[in-house]
Amino acid sequence: GQTAPEKPEIIKCRSPEKETFSCWWKPGYDGGLPTNYTLLYTKENHPEVIECPDYKTSGPYSCYFDKKHTSLWTIYIIVVNATNEKGSNASEPFFVDVTYIIEPYPPTNVSLTVEKKHLLVKWFPPLLVDVKYGWLTLVYELRLKSEKAQEWEIHFTGKQTHFKVFSLHPGENHVVQVRCKPDHGFWSEWSPESYVQIPKIFQEKDMTVW
Amino acid sequence: GQTAPEKPEIIKCRSPEKETFSCWWKPGYDGGLPTNYTLLYTKENHPEVIECPDYKTSGPYSCYFDKKHTSLWTIYIIVVNATNEKGSNASEPFFVDVTYIIEPYPPTNVSLTVEKKHLLVKWFPPLLVDVKYGWLTLVYELRLKSEKAQEWEIHFTGKQTHFKVFSLHPGENHVVQVRCKPDHGFWSEWSPESYVQIPKIFQEKDMTVW
Amino acid sequence: LPICPNGSVNCQISTGDLFDRAVKLSHYIHSLSTEIFNEFDERYAQDRGFITKSINACHTSSLNTPEDKVQAQQIQHEDLLNLVLRVLRSWNDPLVHLVSEVQGIKEAPDTILWKAIEIEDQTKRLLEGMEKIVKRVQPGDLGNEVYSLWPGPPAVQVADDDSRLFAFYNLLHCLRRDSHKIDNYLKLLKCRLIQDSSC
Chain Y
1 GQTAPEKPEI
11 IKCRSPEKET
21 FSCWWKPGYD
31 GGLPTNYTLL
41 YTKENHPEVI
51 ECPDYKTSGP
61 YSCYFDKKHT
71 SLWTIYIIVV
81 NATNEKGSNA
91 SEPFFVDVTY
101 IIEPYPPTNV
111 SLTVEKKHLL
121 VKWFPPLLVD
131 VKYGWLTLVY
141 ELRLKSEKAQ
151 EWEIHFTGKQ
161 THFKVFSLHP
171 GENHVVQVRC
181 KPDHGFWSEW
191 SPESYVQIPK
201 IFQEKDMTVW
Chain G
1001 GQTAPEKPEI
1011 IKCRSPEKET
1021 FSCWWKPGYD
1031 GGLPTNYTLL
1041 YTKENHPEVI
1051 ECPDYKTSGP
1061 YSCYFDKKHT
1071 SLWTIYIIVV
1081 NATNEKGSNA
1091 SEPFFVDVTY
1101 IIEPYPPTNV
1111 SLTVEKKHLL
1121 VKWFPPLLVD
1131 VKYGWLTLVY
1141 ELRLKSEKAQ
1151 EWEIHFTGKQ
1161 THFKVFSLHP
1171 GENHVVQVRC
1181 KPDHGFWSEW
1191 SPESYVQIPK
1201 IFQEKDMTVW
Chain F
2001 LPICPNGSVN
2011 CQISTGDLFD
2021 RAVKLSHYIH
2031 SLSTEIFNEF
2041 DERYAQDRGF
2051 ITKSINACHT
2061 SSLNTPEDKV
2071 QAQQIQHEDL
2081 LNLVLRVLRS
2091 WNDPLVHLVS
2101 EVQGIKEAPD
2111 TILWKAIEIE
2121 DQTKRLLEGM
2131 EKIVKRVQPG
2141 DLGNEVYSLW
2151 PGPPAVQVAD
2161 DDSRLFAFYN
2171 LLHCLRRDSH
2181 KIDNYLKLLK
2191 CRLIQDSSC
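Residue numbers (this note's numbering), protein chains in the order written: chain Y, 1 to 210; chain G, 1001 to 1210; chain F, 2001 to 2199.
Warning: the hint list may mix true and false statements.
Think about it this way: if two alpha-carbon atoms lie no more than 25 Å apart in a straight line, the pair counts; the simulated DSS-like pairs of lysine-lysine are [unchecked claim]:
| no. | chain 1 | residue 1 | chain 2 | residue 2 |
| --- | --- | --- | --- | --- |
| 1 | Y | Lys26 | Y | Lys7 |
| 2 | F | Lys2135 | G | Lys1043 |
| 3 | G | Lys1122 | Y | Lys159 |
Short, incomplete list of chain G residues facing chain F, as computed with Cβ under 8 Å [said to hold, decoys possible]:
| no. | residue |
| --- | --- |
| 4 | Trp1024 |
| 5 | Glu1044 |
| 6 | His1069 |
| 7 | Ser1071 |
| 8 | Leu1072 |
| 9 | Trp1073 |
| 10 | Ile1075 |
| 11 | Phe1095 |
| 12 | Asp1097 |
| 13 | Thr1099 |
| 14 | Gly1134 |
Hints in this document: simulated from the structure, not taken from any laboratory. Note that beta-carbon positions come from the ideal geometry of N, C-alpha and C, so glycine has one too.
Turn these sequences into a full structure, and let the hints steer you where they fit.
Rendered as structure tokens:
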């Protein structure tokens, strides 16, 4: 028969650039009735209850907090209510500090250049991220392998948006990806795969050095 | 006859890990008399003259500055006085910024693995150095030669703590060493020699590849 | 002894270099603070609901610090520098307490003790550096108001384990937060003052 909805569960909150953030929840069984969800929150130094400012931007079962509604170093206590004709059920409270949920989008425009004795990899920070002002500091990691190889070779490049890779398999096609994370936060996804053919003579020239 | 001592010369100051540092000096002719050396220093824009806190720890003609006496935020102006019955003579002032005198200990745990088509060399940063959070960033250099060869083949590996060497002499014993340097500082000593026997069949199979 | 006679070359560490070192140090301190918090949380605080009690419980919450980029852009850099100094100073006593308390925690792993000592050491170093930077950027009296924002350790006779563990949890929670603020503001100030806001 028809019942009150099961309680929803808040599953994740993420900020892509330390200026806005979104949260997503998983609805429970809706009791067989049209069910409405409201997200309510309070903040550490603002006890009044506020409703989610934007249920649309981040897709279904989500709440998007724009710049005006986003503060760092403050605990948000978030609850989602599921309501239908038969009644209502609230999720467990979800505690989040935006400081610790930053997960950027991957770096962009990865370019590969075979130089004399190394491969030069260059890239740009993800879109919509302001690293110039210093509010957000990104660090990067690059992974590379010859197409035939199983294992990736990983290089942490710090804040640099370029990197010289020294030890390569001559004559083989290599695949390269880059990812980033805030100085203190979550790694982004890897960038799409970029490919480069390393010439056969690349290493041979070294042979004659001695 | 007996004279005042010649002026000593401060030859170098080094810090192994940006937390402590030592300076060494070379005495001049002691004038034929028992001569006493005192190291005095001031800090930039501070008139107060301070004497070396520890003449022992770093050996003869040295001064050791422990954590309490080591500051990253100031330039040290150091002078050594030589004194005997006949008089005294002071060295030229020696200017030290601890961040720029880092000479780390060599890398540790160098491991060599003969893989299908290359030799994989891996190592760890020196002890006492916390590179994990960028407090001290190190770059590395690897040198390798066949035991019979005269010349070393040198590879700069940047921040990588592993390197694949492709150019090897099949059937010969090879010796490998690694050293490191902070972004602005001095190369460490080479690590102790590590040896690896390259199988005879190693290269023949491959030579046909190029 | 000469105090850097003008004949000598670069006899003073540049402000840019001072900021570089301060930012490397603040990054290092926050990384350690995060690790010690996570380690303690995993080992001692699971399912005790400490987070609900640590709301509005940091001794530095009365300091009016910018909480988003717009507020950070509006604040004068002298004020932000002084805020960093105040937050740093307000951690002198709590860190001394933290190091002594860690030794009293049942089977506290060495890594927690080592990190507590390292954080205390490096925070003192950062404070020395910040005082130098503030003097350089804004000559004049630095002021050394003694910050007693910290109410001091909980009553020592707090017998029950839970309260003692919560007091500890809260200190590490606030340390992680404040060390992140310091790191963030310093990186921002460095970009603004040294790299003309184009990092």
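For each hint, the structure was consulted:
At most 25 Å may separate the alpha-carbon atoms for a hinted pair to count; Lys26 (chain Y) and Lys7 (chain Y) meet this at roughly 9 Å. Pair hint Lys2135 (chain F) plus Lys1043 (chain G) holds up; C-alpha atoms about 15 Å apart against a cutoff of 25 Å. Distance restraint check for Lys1122 (chain G) and Lys159 (chain Y): the Cα-Cα separation of roughly 24 Å lies within the 25 Å cut-off, and the hinted pair is therefore satisfied. The interface hint given for Trp1024 (chain G) is violated, since its Cβ lies 19 Å from the closest Cβ of chain F, which is over the 8 Å cut-off.
The interface hint given for Glu1044 (chain G) holds, since its Cβ lies 5 Å from the closest Cβ of chain F, which is under the 8 Å cut-off. The criterion of a C-beta within 8 Å of any C-beta in chain F is not met by His1069 (chain G), whose closest approach is roughly 12 Å, and the hint is violated. Because the closest C-beta pair between Ser1071 (chain G) and chain F is about 7 Å apart, less than 8 Å, the hint holds. Look at Leu1072 (chain G): its Cβ gets to within about 5 Å of chain F, closer than 8 Å, so that hint holds up.
Because the closest C-beta pair between Trp1073 (chain G) and chain F is about 5 Å apart, less than 8 Å, the hint holds. With its C-beta approaching chain F no nearer than about 6 Å, Ile1075 (chain G) sits inside the 8 Å limit, and its interface hint holds. With its C-beta approaching chain F no nearer than about 6 Å, Phe1095 (chain G) sits inside the 8 Å limit, and its interface hint holds. Given the 8 Å rule on beta carbons, the hint for Asp1097 (chain G) holds: about 6 Å separates it from the nearest Cβ of chain F.
The beta carbon of Thr1099 (chain G) is positioned within 8 Å of a beta carbon in chain F (closest approach about 6 Å), and the interface hint is therefore held. Below 8 Å, beta-carbon pairs count as interface contacts, and Gly1134 (chain G) has one with chain F at about 6 Å; its hint therefore holds.
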